[in-house]
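Asker: Fit chains B and C to the given chain A structure using the hints.
Protein chains in written order, with the numbering used here: chain A, 1 to 348; chain B, 1 to 348; chain C, 1 to 348.
One thing to keep in mind: the hints can contain errors.
Stated by the list, open to error - Rough simulated footprint, nothing fancy, chain A against chain B, three-plus residues with beta-carbon under 8 Å:
{"hint": "1", "stretch": "156 to 168"}
{"hint": "2", "stretch": "247 to 258"}
{"hint": "3", "stretch": "261 to 275"}
{"hint": "4", "stretch": "307 to 321"}
To be verified - In silico lysine-lysine, BS3-like type, Cα no more than 30 Å apart, as pairs:
{"hint": "5", "chain 1": "B", "residue 1": "Lys-79", "chain 2": "B", "residue 2": "Lys-46"}
{"hint": "6", "chain 1": "C", "residue 1": "Lys-294", "chain 2": "B", "residue 2": "Lys-313"}
{"hint": "7", "chain 1": "C", "residue 1": "Lys-333", "chain 2": "A", "residue 2": "Lys-313"}
Source of the hints: derived by calculation from the structure; they are not laboratory data. Backbone N, C-alpha and C define an ideal beta-carbon position, used for all residues, glycine too.
Next come the chains, spelled out residue by residue.
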Amino acid sequence: MMAKKVSELAQLTNAIIVGDGDMEIRRVASLDSADAGDIAYVDDAKFFEAARKSRASCIIVRTDSELDLPCELQVKNPKLAFALIAEVLHPPKRRPPEIHSSVVIADSANIALEVFVGAFVSIGENSEIGSGTQIRAGAQIGDDVTIGNDCVIHPNVFIENGVTIGDRVIIHAGVVIGSDGFGYVRGDMGYHKFPQIGSVIIEDDIEIGANTTIDRGALGRTRIGKGTKLDNMVHVGHNCDIGERVVIAAQTGISGSVTIEDDCVIGGQVGFGDHIHVQSGAVIGSKAGILPGKIVRPGVWWGIPIQPLDKYKRLNAHLSRVPHLREEVRELKKKIAQLEALLENHDG
Amino acid sequence: MMAKKVSELAQLTNAIIVGDGDMEIRRVASLDSADAGDIAYVDDAKFFEAARKSRASCIIVRTDSELDLPCELQVKNPKLAFALIAEVLHPPKRRPPEIHSSVVIADSANIALEVFVGAFVSIGENSEIGSGTQIRAGAQIGDDVTIGNDCVIHPNVFIENGVTIGDRVIIHAGVVIGSDGFGYVRGDMGYHKFPQIGSVIIEDDIEIGANTTIDRGALGRTRIGKGTKLDNMVHVGHNCDIGERVVIAAQTGISGSVTIEDDCVIGGQVGFGDHIHVQSGAVIGSKAGILPGKIVRPGVWWGIPIQPLDKYKRLNAHLSRVPHLREEVRELKKKIAQLEALLENHDG
Amino acid sequence: MMAKKVSELAQLTNAIIVGDGDMEIRRVASLDSADAGDIAYVDDAKFFEAARKSRASCIIVRTDSELDLPCELQVKNPKLAFALIAEVLHPPKRRPPEIHSSVVIADSANIALEVFVGAFVSIGENSEIGSGTQIRAGAQIGDDVTIGNDCVIHPNVFIENGVTIGDRVIIHAGVVIGSDGFGYVRGDMGYHKFPQIGSVIIEDDIEIGANTTIDRGALGRTRIGKGTKLDNMVHVGHNCDIGERVVIAAQTGISGSVTIEDDCVIGGQVGFGDHIHVQSGAVIGSKAGILPGKIVRPGVWWGIPIQPLDKYKRLNAHLSRVPHLREEVRELKKKIAQLEALLENHDG
Numbered sequence: 001m002m003a004k005k006v007s008e009l010a011q012l013t014n015a016i017i018v019g020d021g022d023m024e025i026r027r028v029a030s031l032d033s034a035d036a037g038d039i040a041y042v043d044d045a046k047f048f049e050a051a052r053k054s055r056a057s058c059i060i061v062r063t064d065s066e067l068d069l070p071c072e073l074q075v076k077n078p079k080l081a082f083a084l085i086a087e088v089l090h091p092p093k094r095r096p097p098e099i100h101s102s103v104v105i106a107d108s109a110n111i112a113l114e115v116f117v118g119a120f121v122s123i124g125e126n127s128e129i130g131s132g133t134q135i136r137a138g139a140q141i142g143d144d145v146t147i148g149n150d151c152v153i154h155p156n157v158f159i160e161n162g163v164t165i166g167d168r169v170i171i172h173a174g175v176v177i178g179s180d181g182f183g184y185v186r187g188d189m190g191y192h193k194f195p196q197i198g199s200v201i202i203e204d205d206i207e208i209g210a211n212t213t214i215d216r217g218a219l220g221r222t223r224i225g226k227g228t229k230l231d232n233m234v235h236v237g238h239n240c241d242i243g244e245r246v247v248i249a250a251q252t253g254i255s256g257s258v259t260i261e262d263d264c265v266i267g268g269q270v271g272f273g274d275h276i277h278v279q280s281g282a283v284i285g286s287k288a289g290i291l292p293g294k295i296v297r298p299g300v301w302w303g304i305p306i307q308p309l310d311k312y313k314r315l316n317a318h319l320s321r322v323p324h325l326r327e328e329v330r331e332l333k334k335k336i337a338q339l340e341a342l343l344e345n346h347d348g
Numbered sequence: 001m002m003a004k005k006v007s008e009l010a011q012l013t014n015a016i017i018v019g020d021g022d023m024e025i026r027r028v029a030s031l032d033s034a035d036a037g038d039i040a041y042v043d044d045a046k047f048f049e050a051a052r053k054s055r056a057s058c059i060i061v062r063t064d065s066e067l068d069l070p071c072e073l074q075v076k077n078p079k080l081a082f083a084l085i086a087e088v089l090h091p092p093k094r095r096p097p098e099i100h101s102s103v104v105i106a107d108s109a110n111i112a113l114e115v116f117v118g119a120f121v122s123i124g125e126n127s128e129i130g131s132g133t134q135i136r137a138g139a140q141i142g143d144d145v146t147i148g149n150d151c152v153i154h155p156n157v158f159i160e161n162g163v164t165i166g167d168r169v170i171i172h173a174g175v176v177i178g179s180d181g182f183g184y185v186r187g188d189m190g191y192h193k194f195p196q197i198g199s200v201i202i203e204d205d206i207e208i209g210a211n212t213t214i215d216r217g218a219l220g221r222t223r224i225g226k227g228t229k230l231d232n233m234v235h236v237g238h239n240c241d242i243g244e245r246v247v248i249a250a251q252t253g254i255s256g257s258v259t260i261e262d263d264c265v266i267g268g269q270v271g272f273g274d275h276i277h278v279q280s281g282a283v284i285g286s287k288a289g290i291l292p293g294k295i296v297r298p299g300v301w302w303g304i305p306i307q308p309l310d311k312y313k314r315l316n317a318h319l320s321r322v323p324h325l326r327e328e329v330r331e332l333k334k335k336i337a338q339l340e341a342l343l344e345n346h347d348g
Numbered sequence: 001m002m003a004k005k006v007s008e009l010a011q012l013t014n015a016i017i018v019g020d021g022d023m024e025i026r027r028v029a030s031l032d033s034a035d036a037g038d039i040a041y042v043d044d045a046k047f048f049e050a051a052r053k054s055r056a057s058c059i060i061v062r063t064d065s066e067l068d069l070p071c072e073l074q075v076k077n078p079k080l081a082f083a084l085i086a087e088v089l090h091p092p093k094r095r096p097p098e099i100h101s102s103v104v105i106a107d108s109a110n111i112a113l114e115v116f117v118g119a120f121v122s123i124g125e126n127s128e129i130g131s132g133t134q135i136r137a138g139a140q141i142g143d144d145v146t147i148g149n150d151c152v153i154h155p156n157v158f159i160e161n162g163v164t165i166g167d168r169v170i171i172h173a174g175v176v177i178g179s180d181g182f183g184y185v186r187g188d189m190g191y192h193k194f195p196q197i198g199s200v201i202i203e204d205d206i207e208i209g210a211n212t213t214i215d216r217g218a219l220g221r222t223r224i225g226k227g228t229k230l231d232n233m234v235h236v237g238h239n240c241d242i243g244e245r246v247v248i249a250a251q252t253g254i255s256g257s258v259t260i261e262d263d264c265v266i267g268g269q270v271g272f273g274d275h276i277h278v279q280s281g282a283v284i285g286s287k288a289g290i291l292p293g294k295i296v297r298p299g300v301w302w303g304i305p306i307q308p309l310d311k312y313k314r315l316n317a318h319l320s321r322v323p324h325l326r327e328e329v330r331e332l333k334k335k336i337a338q339l340e341a342l343l344e345n346h347d348g
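Isolated chain A, as found in the complex (with noise of 0.2 Å):
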């Protein structure tokens, strides 16, 4: 565990210290769990009286916060700052490098020095791995891959032939890249498999959740962008082109040859039909579901099939009081009747 001054973990965020600079901060914590030696943060008015009775030694605020606590770190964003201090005290684990004896290397395979591969790990034909980079026990890689430096493949990983992978990618167990995308051309006596003999591309700086699948391109290649998270159980098609700072959550499913633009944000469960096109800034409601072909503008999106939100509430409001309407109706047709009574008696 490192341990950092006050004062060092204000110039890592430009923070103004209130307090103690000298003091020394182990740990990140919440504030109800923190306790000596701990930083935490706070931002919404709401956890201020929990900031009061935190026993943190310090604490992240907002600059105009007036909590007036005996150690704040003062900045524009307290919890981008909590972030930034937890990369510093907490640092992801750093195997050592180290061959497991287990390993199963090809001769043809190029292995950077200072990479850790464990036990039961096997590594194909003319694949390499840079410098830095930790492959952890059960991932299978195989033949002409690449995987850049620094990155982090964790146990039961399986990466297929020809995936190129770049630099600082965290991949977490049980990850399939580049498998067989899901093509069929019917005959007469039952499907034939499309080809699926593409690639697939996984840029820098992206980490991709448990269990998720990435499919291979079928002719071309499947795309992640520089700086995209993928959630755990997240599925992604052939010949998808997933742009960069694109946040996927949980069990969302994208069939072939969507393109999601850059900075995206698409919630869980969301389901896309083939040949969408999401475009920059777009956000998209969990659960929501999108027919093929739809091409997705910038705004928020929701439902089945999406609308825009505010459209999707307001038809929902409308739709929650038919059952009044139902009533009004019946009342229309009553006075309807009764004043056609009337004009019959009167013209009577």
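Answerer: Showing chains B and C alone in chain A's frame:
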């Protein structure tokens, strides 16, 4: 295979015997497939005919069934009795204690004497494995993991550093426990990882379905309570607190910091936003969607977003009559136009 | 890489040749990415311009396309011909027979001569592996498993005891077949496991996507029929009977005891309650939800719960006009009030 006398099975299930208590029973079976030596059960009257035709040597029935079969075990809950009898006749496979020669176990790990460890398993520093536990081929166990007694860890499971697992826990193949949660803070240049340095507690008597993922707490812990059962491909996010005897069907996704109290029943493909609190005894139908922060009271819930089931059904009934309602409004318009014309003529 | 003459490919696909039958073709490619030595296909007229510009040496076209390219294979179904040609030009990788020195195979297992078994594979008691089958690194095969000829079992797959797999089956990485189904009986103290002691039958010519799970029968068996294709992360519950040539897209979940007859097409993220019976030829749209016990007749189905697609579309069109309907009712109310006032004055 074990064999038991009908009388022994009657004792086990507090059953009244009809027929020969000395008959030997070797297997449980369905009414249709049962043969001599098998025991089956019948509860619903629509299967009484199948029970009469069954070749089972003995059939478990309700005390009040009046089926008059040659050999019956009469009980209050036939399906429960059947399950208890199956536990005795078909105990889970107990592999004899053995540490396969291929395994990689850290010197500091503490493995009980009566443990089965299959091929290609690794167990990290300071981890403890309790007596009677079976760890099957290809499972990878990290550092500082505690696994209790009489657990079965099926093949290719991954249990990350610091996870604690109780007694009699069954973890099916491909499960990942303790992977990083999905939390980021957006900075100017992209996303920074929010710390994911908490732990996971899996209590006693839990079963976890194949390829399910359970993320570790961000700062605190993720907990699954005693006696809870998760189906295949369930996603449990960071800091969730799932109570005791909760049942969660396949492909349900639970975002971070969700609390589900004891004795809830959750259908398949349900989606939970974060910070939801489900109170004890709630039942949530399959494919439901629940918005972040929602408090779900006891009762049966349905739909996206969830509503009480009866309200959901009523609203849907109303909505299905909207086409008719539009027809009615069209009629009313006509009548009013006629009335207006009539009055105009009148006045004219 | 294989190379074939245009004339050989014409023979394979019953095509009429336009141009030089002796030209050598080495690869399939898309119209855009194709280069000399490649063959591409075009079907939809909107890609005719791309076909004219393509650098492909030969293009597969419809017999009636009138494209007049320098080299054409004219066929009835260009995409099917393309798939058949890809099978020849890009046959699936066939690893030479080899049993890796690290594998653990039970003495009683029966492995054909021409089999590839990769690193860190285990094969249990009495299991049989047919000729031409490839079992890749990290796959774990239980006891009493039968795998036919010419199968590919990709890395980190787990096949549980007693599962039977036919010929030419492709099982992608991370798949789990034969795990316990999800069945419990509630007793006074919590849940008891309903026996999960049945089997799984996977017939011939099946492909199963990455991280899919197929549970064993509780008492009987789970079956996947010949020629059926499952995408990634599909869940098949205990005792399901999936027919022949069924296609099921990613992340669909099928509860226990569901029957899907031959030649059905099921979209992604569909949810099936238990004991559903889908009749041959039914098509179920993505994200649909089907209530337990439902019989689904042939035709196209959509929505939660499913309805015939045309009915679903009609109802949704009606619902989208509810805001307008409420407006109309408001108008009618006003008019009736006016009429009432008018009549009152009249009478007055």
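Asker: Indicate, hint by hint, whether the structure satisfies it.
Answerer: Going through the hints against the structure:
1. Evaluation of the coverage hint for the stretch 156 to 168 of chain B: fulfilled, as 4 residues show C-beta separations to chain A shorter than 8 Å, against a requirement of three.
2. For a cut-off of 8 Å, the count of residues in the stretch 247 to 258 of chain B with a CB near a CB of chain A stands at 3, and the three-residue condition holds.
3. Given a C-beta distance limit of less than 8 Å, the hint that chain A covers the stretch 261 to 275 of chain B holds, as 3 residues qualify and 3 suffice.
4. Counting residues of the stretch 307 to 321 of chain B whose CB lies closer than 8 Å to any CB of chain A gives 5, so the stated coverage by that chain holds, three being the minimum.
5. Restraint check for Lys-79(B) and Lys-46(B): satisfied, since their Cα atoms lie roughly 15 Å apart, inside the 30 Å limit.
6. For a cut-off of 30 Å, the pair hint linking Lys-294(C) to Lys-313(B) stands: about 17 Å separates their Cα positions.
7. Our distance criterion of 30 Å between C-alpha atoms is met by Lys-333(C) and Lys-313(A), whose separation comes to about 26 Å.
When the structure is compared with the earlier hints, no violation turns up for any of them.
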